Amino acid sequence: MTITVNGQSMEVADGVSVEALLTQLGVPRRFTAVAVNREVMPRGDYESAALRPGDRVEIVRPMGGG
Amino acid sequence: MYDTNLVIGGKDFTSRLIVGTGKYSSNDVMRQALEESGAEVVTVAVRRVSLPGKGESILDFIDTTRFTLLPNTAGCYTADEAVRTAYLAREAGMGELIKLEVIGDARTLFPDVAGLLEATKTLAREGFTVMPYTNDDPVMAKRLEEAGAAVVMPLGAPIGSGLGIRNPYNIKIILETVSVPVIVDAGVGTASDAAIAMELGCDGVLMNTAIASSGDPVAMAKAMRLAVQAGRLAYKAGRMSKKLYATASSPLEGVPDWTTS
Chain A
1179 MTITVNGQSM
1189 EVADGVSVEA
1199 LLTQLGVPRR
1209 FTAVAVNREV
1219 MPRGDYESAA
1229 LRPGDRVEIV
1239 RPMGGG
Chain B
11 MYDTNLVIGG
21 KDFTSRLIVG
31 TGKYSSNDVM
41 RQALEESGAE
51 VVTVAVRRVS
61 LPGKGESILD
71 FIDTTRFTLL
81 PNTAGCYTAD
91 EAVRTAYLAR
101 EAGMGELIKL
111 EVIGDARTLF
121 PDVAGLLEAT
131 KTLAREGFTV
141 MPYTNDDPVM
151 AKRLEEAGAA
161 VVMPLGAPIG
171 SGLGIRNPYN
181 IKIILETVSV
191 PVIVDAGVGT
201 ASDAAIAMEL
211 GCDGVLMNTA
221 IASSGDPVAM
231 AKAMRLAVQA
241 GRLAYKAGRM
251 SKKLYATASS
261 PLEGVPDWTT
271 S
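Chains as they are written, first to last, in the working numbering: chain A, 1179 to 1244; chain B, 11 to 271.
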């Protein structure tokens, strides 16, 4: 299925969990957060949250800023 | 130096200088500048990770056991975006502090105060320690305090402009108007600007570009630490009153007589 991650269109396995997606993309967990379709996802839901086709995923972390 | 601490959301800080982490030529220069600044609170932006998620993180250069992170909502143009960004920062484990920015105009980066007030209400209700970046309007500062802001952070001049404290009289009125701490955020260009903010009685100063875009950020960070301390000390000491004419510092009596004959 196709989802959008940080603005990039991406092919992933059907029903992939957020946890599996983060692992697949090699995203460090410390100080990162995820939103799916504009809703911030609690960390505790990563394992159980199955993504659906067309989902828009944002994965963020702290960057230099003022 | 005898002084009270800066208290933000129940947390005590001895440093009254808050510094940003953007625009440095390298992470190593940033790390040294943070050290020299003596700051205990550092601002960070919340941005998309690069994919695949490899590479250096800014947090490899910030000891989060020593520095308190202050995530910002820079780049948000609506209350909704700013609130969602704050939730992201909290979920990422960056704590309850939020430097709230709702920008109204890309050219000046002046705040959209209507959106700012709305977002402040929402986030204060949700338990955040809200630190809104606002304009130098005393009425707005009061509204933000009433909405639950933990501090108010009026600009001295536009973000990244280095124009200094453009309206010290408004900053002074803000200080008389609100009872929460007042931190000048944005506009400082050099050490004297920071000292002026503190001499007015501000509780702190927040800056990024003045240090990061200076000729020597590590030296400027030290200059800013000293300026904030000097300004604070001068404020606490209480300046002399201004007079139009001279008043001799040396005794008028006992001057030798050099007249001839």
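It should be emphasised that the hints constitute simulated quantities derived from the structure, not laboratory data.
Since this is a predicted model, take the numbers as computed values, not measurements.
Watch out, some of these pointers could steer you wrong.
Said to hold, decoys possible - With beta-carbon atoms standing in for the labels, derived distance ranges: (1) B:D226 - A:N1215: 32 to 38 Å; (2) B:R176 - A:P1220: 54 to 60 Å; (3) A:G1185 - B:E45: 31 to 37 Å; (4) A:E1189 - B:S189: 15 to 21 Å; (5) B:Q42 - A:T1201: 47 to 53 Å; (6) B:P168 - A:E1217: 43 to 49 Å; (7) A:R1230 - B:T118: 28 to 34 Å; (8) A:R1208 - B:K33: 51 to 57 Å; (9) B:T78 - A:T1201: 26 to 32 Å; (10) A:A1191 - B:K33: 52 to 58 Å; (11) B:A240 - A:T1201: 35 to 41 Å; (12) A:P1206 - B:L243: 41 to 47 Å; (13) A:A1191 - B:R58: 21 to 27 Å.
Unchecked claim - Cβ-to-Cβ under 8 Å is the rule here; a few derived chain A residues that face chain B: (14) L1203; (15) P1206; (16) A1211; (17) N1215; (18) V1218; (19) G1232; (20) R1234; (21) I1237.
All residues carry an ideal CB built from backbone N, CA and C; glycine is no exception.
task = Determine which of the earlier numbered hints do not hold for this structure and return their numbers in increasing order.
result = 1, 2, 4, 5, 6, 7, 8, 10, 11, 17, 19, 20
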